[in-house]
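Just so you know, the sequences run in chain order G and L.
When we follow our numbering, the leftmost residue of the first sequence carries the number 103, and every step to the right adds one.
When we follow our numbering, the leftmost residue of the second sequence carries the number 10, and every step to the right adds one.
Take these hints with a grain of salt, some might be off.
Not the full set, but computed from the structure, chain L residues with beta-carbon under 10 Å of chain G [to be verified]: (1) Thr94; (2) Gly95; (3) Pro97; (4) Val100; (5) Leu151; (6) Trp157; (7) Leu161; (8) Phe165; (9) Val179; (10) Arg288.
So these bits of chain G aren't anywhere near chain L, every CB distance computed over 10 Å [said to hold, decoys possible]: (11) Lys134; (12) Arg277; (13) Ala286; (14) Thr315; (15) Phe338; (16) Gly340; (17) Met362; (18) Val380.
Hints in this document: simulated from the structure, not taken from any laboratory.
Just so you know, even glycine gets a beta-carbon here, dropped at the ideal spot from N, CA and C.
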Amino acid sequence: MALVNAREAAFEGTATVELGRARALWATIRRKPLGAVSAALIAVLVLTAIFADVLAPYDPLAAQPEIRLAAPSWEHPFGTDDIGRDVLSRVVHGTRISLWVGLLAVGIGTVAGMIIGLLCGYCEGRTDLVLQRLMDGIQAIPGLVLALAIVSVLRPNTTNAMLAIALVIIPGNSRIVRGAVLSAKQNRYVEAAQAIGCRHPRIILSHILPNVTAPILVIASIWLGNAILIEATLSFLGLGTQPPTPSWGLMLSSTGRAFMEQAPWLALFPGLAISLAVLGFNLFGDTLRDAWDPKLRRS
Amino acid sequence: MYKYVARRLFLAIPVLLLSSLIVFGLMRVMPGDALTALMGESGNIGERELAKIRHDLRLDLPYYQQYLLWLWQLVSFHPGDSIFTGEPIAVSLGKAIPVTLELAALAMVLGLVIAVPIGVVSATRQDTPSDYVGRVVAVSGLSLPDFWLGTLVITFAAIWFHWIPAIGYVSFWESPLRNLEQFLLPAAVLGFRLSAATMRMTRSTVLEVLREDYVRTAWAKGLEGRIVVYKHALKNALIPVVTIVGGQLGVLLAGTFVVETIFALPGMGRLTVEAIMFRDYPVVQTNVMLVAGTLVTLNLFVDMTYAWLDPRIRYQ
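Start from the sequences and build out the full structure, keeping to the hints where you can.
Here it is, written out as structure tokens:
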């Protein structure tokens, strides 16, 4: 009976922690205007991505050569590109690509980094030594450079860009999780769990993991912005999303640069979209950090 | 200190070896290689000719032998030839490295010149309009993609000033003015991102230092604000900034890849991007290892500088 009650209490405890975190986040958002702005910006981006088919006034792939390089107007608020495609529609659909790549890349990178970090922090010893040296080897190569090399190997497309970004994220994430696990392992409740004979997977999943989720989520939200930026950079260099799929970076590269004197709006709007997305996620990451992890706080 | 440096250098060797394995392995997993790309350019090449080219370039050796050969070439500063152009990689790098070094150095200087004063003003006038402007500038620097900033700079310079990037690199020794004209805008674009992270750190550390007791004593003695901030607070506040600058070196080096491509500068970054397009893996793997080795060395140098600036730090 005592064990069943303890299990129920543990679940209730987890729910209480989650409710507490949600309240802390809401309180921080209300207290800091930039937090509210970033949350609103992210909400707009997510809704744009979900309802892109409804929000985009035209088909992003439909070419109308008769109105190529048209300046912004009521019919085409962001103008048209070199083959007459509506830029607003392409920017709207580009939101979907960017968010999709960002979320998947960060999701995969975070989970993989978390697993490696948990193993390193909990097992320590040789496992930690080998895995962390491997992470060091990957991190010695700048992220963008590594992503470029990986995409060139796997062939340029959206999926491979996402995998490359995920691989870039893994070492940093694993380090943060490892640090958090090493810290959580010192707690008495872990010692108590070991003393009563809990198996290692149960200790990791039930006792350690819930206490390291806060820094993971903070770093993941900051990485979302970076992931969008890296995907845009890869697409800009022709190594990410391929035409005719609308990607912000590709729009800048393929038409923004080529027609920059005749049609500067082609360079303006996709770049603005990238900047707002990255800004939103960076600021939101700061807000999460302020709300959930005082130790990671900076001014 | 010497023991610390020796230990760090010793630990750097397995890290660099692992990086080299990762890079080498990646290039070998590539579908097709530079010879396949070369075939596409030159039309049909016979099987015998292709086999001869592979043998000459030692691409027919087992992978472990190719790896050991490549390692030896790196260590002896003879990294072989480009598969695509046939030019010795050392010659290509000899032309490209000075361009990237100049760009990175200028970007670093410009970044610090922007970041430190804005960070100090932001901290000394906390929660005022100056502070908010400084923080917005910093966050913008982190969010604005450098390729977008570069494209906008070129676009509006072309429209307003009828300026376009110079075709053909002019070295500093040939014509300092033309060289600076060529490098100023790309360095400013690259430096802006560096300045963002540095400015945030400067603001944070100056705020912390201004709350220290010795600063309060300085105020209590009636010293001028300028003397308190610049003579007493700033030099201690800048010590952690050295660490953040070190951490941004990787971002700076990666940024040269994009900026050199946009501004048509014949640096190492552009060389690597082109090599990736043509699957010229001797060039790619050599350049990537050079970047990794440079980063490891620079990070060690930054750590040593940190210990030199702050005598309280003792390395075991």
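key: Given as non-interface: glycine 340 (chain G), which should sit over 10 Å from chain L by C-beta   = The assertion about glycine 340 (chain G) is violated, with a minimum of 7 Å to chain L.
ask   = Does the interface hint hold: is arginine 288 (chain L) within less than 10 Å of chain G, judged Cβ to Cβ?
value = Since the shortest Cβ distance to chain G is 7 Å, the answer is holds.
message = Checking hints one by one. Is leucine 151 (chain L) an interface residue toward chain G, by the C-beta closer than 10 Å rule?
response = holds, 6 Å
key: Non-interface label on alanine 286 (chain G), tested against every C-beta of chain L at 10 Å   = Fine: 26 Å to the nearest Cβ keeps alanine 286 (chain G) off the interface.
query = Would the hint on threonine 94 (chain L) stand, with a C-beta cut-off of 10 Å toward chain G?
reply = violated, 17 Å
inquiry  = Under 10 Å is the threshold here; is the Cβ of valine 179 (chain L) close enough to any Cβ of chain G for the hint to stand?
reply    = Check failed: Cβ of valine 179 (chain L) comes no nearer than 23 Å to chain G, outside 10 Å.
query = Closest CB-CB distance from threonine 315 (chain G) to chain L, is it above 10 Å?
reply = holds, 25 Å
task = Against chain G, run the beta carbon of phenylalanine 165 (chain L) and see if the smallest gap drops under 10 Å.
result = Hint holds; phenylalanine 165 (chain L) Cβ to chain G Cβ min 7 Å, cut 10 Å.
query = Does the claim that phenylalanine 338 (chain G) lies off the interface hold, with its Cβ farther than 10 Å from every Cβ of chain L?
reply = violated, 5 Å
request  = Determine whether the non-interface label on lysine 134 (chain G) survives the test: each CB of chain L must be over 10 Å from its CB.
outcome  = holds, 12 Å
inquiry  = So, as I understand it, the hint says proline 97 (chain L) touches chain G; can you test that by seeing if any CB pair is closer than 10 Å?
reply    = violated, 22 Å
task = May I ask you to check that methionine 362 (chain G) keeps its beta-carbon over 10 Å from the closest beta-carbon of chain L?
result = violated, 4 Å
Hints 1, 2, 3, 4, 9, 15, 16, 17, 18 from the list above are not met by this structure, while the remaining hints are.
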